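> Take a look at the letters that make up each chain.
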Amino acid sequence: SQTIHQWPATLVQPVGSPLSLECTVEGTSNPNLYWYRQAAGRGLQLLFYSVGIGQISSEVPQNLSASRPQDRQFILSSKKLLLSDSGFYLCAWSRQKNTEAFFGQGTRLTVV
Amino acid sequence: ELKVEQNPLFLSMQEGKNYTIYCNYSTTSDRLYWYRQDPGKSLESLFVLLSNGAVKQEGRLMASLDTKARLSTLHITAAVHDLSATYFCAVDGSSNTGKLIFGQGTTLQVKP
Chain P
1 SQTIHQWPAT LVQPVGSPLS LECTVEGTSN PNLYWYRQAA GRGLQLLFYS
51 VGIGQISSEV PQNLSASRPQ DRQFILSSKK LLLSDSGFYL CAWSRQKNTE
101 AFFGQGTRLT VV
Chain G
113 ELKVEQNPLF LSMQEGKNYT IYCNYSTTSD RLYWYRQDPG KSLESLFVLL
163 SNGAVKQEGR LMASLDTKAR LSTLHITAAV HDLSATYFCA VDGSSNTGKL
213 IFGQGTTLQV KP
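Just so you know, the sequences run in chain order P and G.
This note's numbering puts the first residue of the first sequence at 1, with every later residue one more than the last.
This note's numbering puts the first residue of the second sequence at 113, with every later residue one more than the last.
Heads up, a few of these hints could be off.
So the derived label-pair ranges between C-beta atoms look like this [to be verified]:
1) G/Gly152 x P/Glu26: 20 to 26 Å
2) G/Gly165 x P/Thr110: 41 to 47 Å
3) G/Ser138 x P/Gln105: 48 to 54 Å
4) P/Leu83 x G/Ala181: 37 to 43 Å
5) P/Ser58 x G/Ser157: 21 to 27 Å
6) P/Ile53 x G/Leu114: 23 to 29 Å
7) G/Tyr134 x P/Gly41: 35 to 41 Å
8) P/Gln105 x G/Val167: 39 to 45 Å
9) P/Gln73 x G/Gly171: 32 to 38 Å
10) P/Val15 x G/Lys153: 44 to 50 Å
11) G/Asp150 x P/Gln55: 29 to 35 Å
It is worth saying that the hints were derived from the structure and are not from the lab.
For clarity, every value in this text was computed on a predicted model and none was experimentally measured.
Backbone N, C-alpha and C define an ideal beta-carbon position, used for all residues, glycine too.
The shape of chain G in the complex, shown without the other chains:
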């Protein structure tokens, strides 16, 4: 059974600081996704990582994928309050159906 675990589950940080969220998964997969969820809202797609070594950046967020280590990271650079949200990673559970297995989510709180 595919399991996806995020670490940490809650992160409180000051504006301007850097931090990394980790996503580990238990079985082989070469597709990993990062989503953002604002309180009470739906999920917004942030990054799609489709191969080993993939790195994508958007603004202050950068995501990477190491399929050999079964690890993805979401790095936050010089955090700002607008980045406060819950971040989910998700792994493709089946190439035929597109089922996504989600991590527990990491709630990020950026304090001014």
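Isolated chain P, as found in the complex:
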């Protein structure tokens, strides 16, 4: 069966510090991968998606970047965090031709 791992679960970072969140998927190959952000009490906003290694599409202009160095690994990064980067970050995957998305457990990021 397929599983998705996301870490860390919680993170408190000072403004201006770097960020690296990691997500890995097991039990499938060549998945579509996604990073979503959920601000407190709000819906999900798609940040990045990837259909293959090294292929990243950004949905919104922002202070964040994403990379996919391996088939089942997706990384969300920032060089300098802003207060507005606080939120609940969710990694998700889907099969290439079946778009039901399966979510990781999420990372709650607080920028102070």
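We have chain P; now place chain G onto it with these hints.
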């Protein structure tokens, strides 16, 4: 631009009552998904609706899709406290990438 709107955004109801959550979307799509989110947790897939007229049921929840009206409903029958959560609908924004566009979420509170 694809937009997804849910109604209502907050719903407080007594146990044993019935209610319906509505999800409207703005452009043509034949794939719609319902997710559940418990407070502080990730998203759990509830239903996948893949064609016009699709109806799926799981326990006290039933989801339907009308692609012509661009409307999906999530019907709750004889609500119980365990159904308290936030429910999201999501529409496939692109058949090639599997990008999901989410509604704002409906927070359901079932009172004993």
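> Take the hints in turn and mark each one as holding or not.
A quick look at each hint next to the structure:
Here the CB-CB span from G/Gly152 to P/Glu26 is close to 24 Å, well matched to the stated 20 to 26 Å. Range check, G/Gly165 to P/Thr110: Cβ separation about 45 Å, and the 41 to 47 Å hint holds. About 31 Å separates the C-beta atoms of G/Ser138 and P/Gln105, a value inconsistent with the hinted range of 48 to 54 Å. Between P/Leu83 and G/Ala181 the beta carbons are some 41 Å apart, a value that agrees with the proposed interval 37 to 43 Å.
For the pair P/Ser58 and G/Ser157, the beta carbons lie near 25 Å from each other, so the given range of 21 to 27 Å is met. Take P/Ile53 and G/Leu114: their Cβ atoms lie about 27 Å apart, and the range 23 to 29 Å holds. The hinted window of 35 to 41 Å between G/Tyr134 and P/Gly41 is violated, with their beta carbons roughly 20 Å apart. The beta-carbon spacing between P/Gln105 and G/Val167, approximately 31 Å, falls outside the hinted interval of 39 to 45 Å.
The beta-carbon spacing between P/Gln73 and G/Gly171, approximately 36 Å, falls within the hinted interval of 32 to 38 Å. P/Val15 and G/Lys153 have their C-beta atoms about 27 Å apart, which leaves the hinted 44 to 50 Å range violated. Between G/Asp150 and P/Gln55 the CB atoms are about 33 Å apart, so this pair conforms to the stated range of 29 to 35 Å.
Checked against the numbered hints above, the structure breaks hints 3, 7, 8 and 10 and satisfies the rest.
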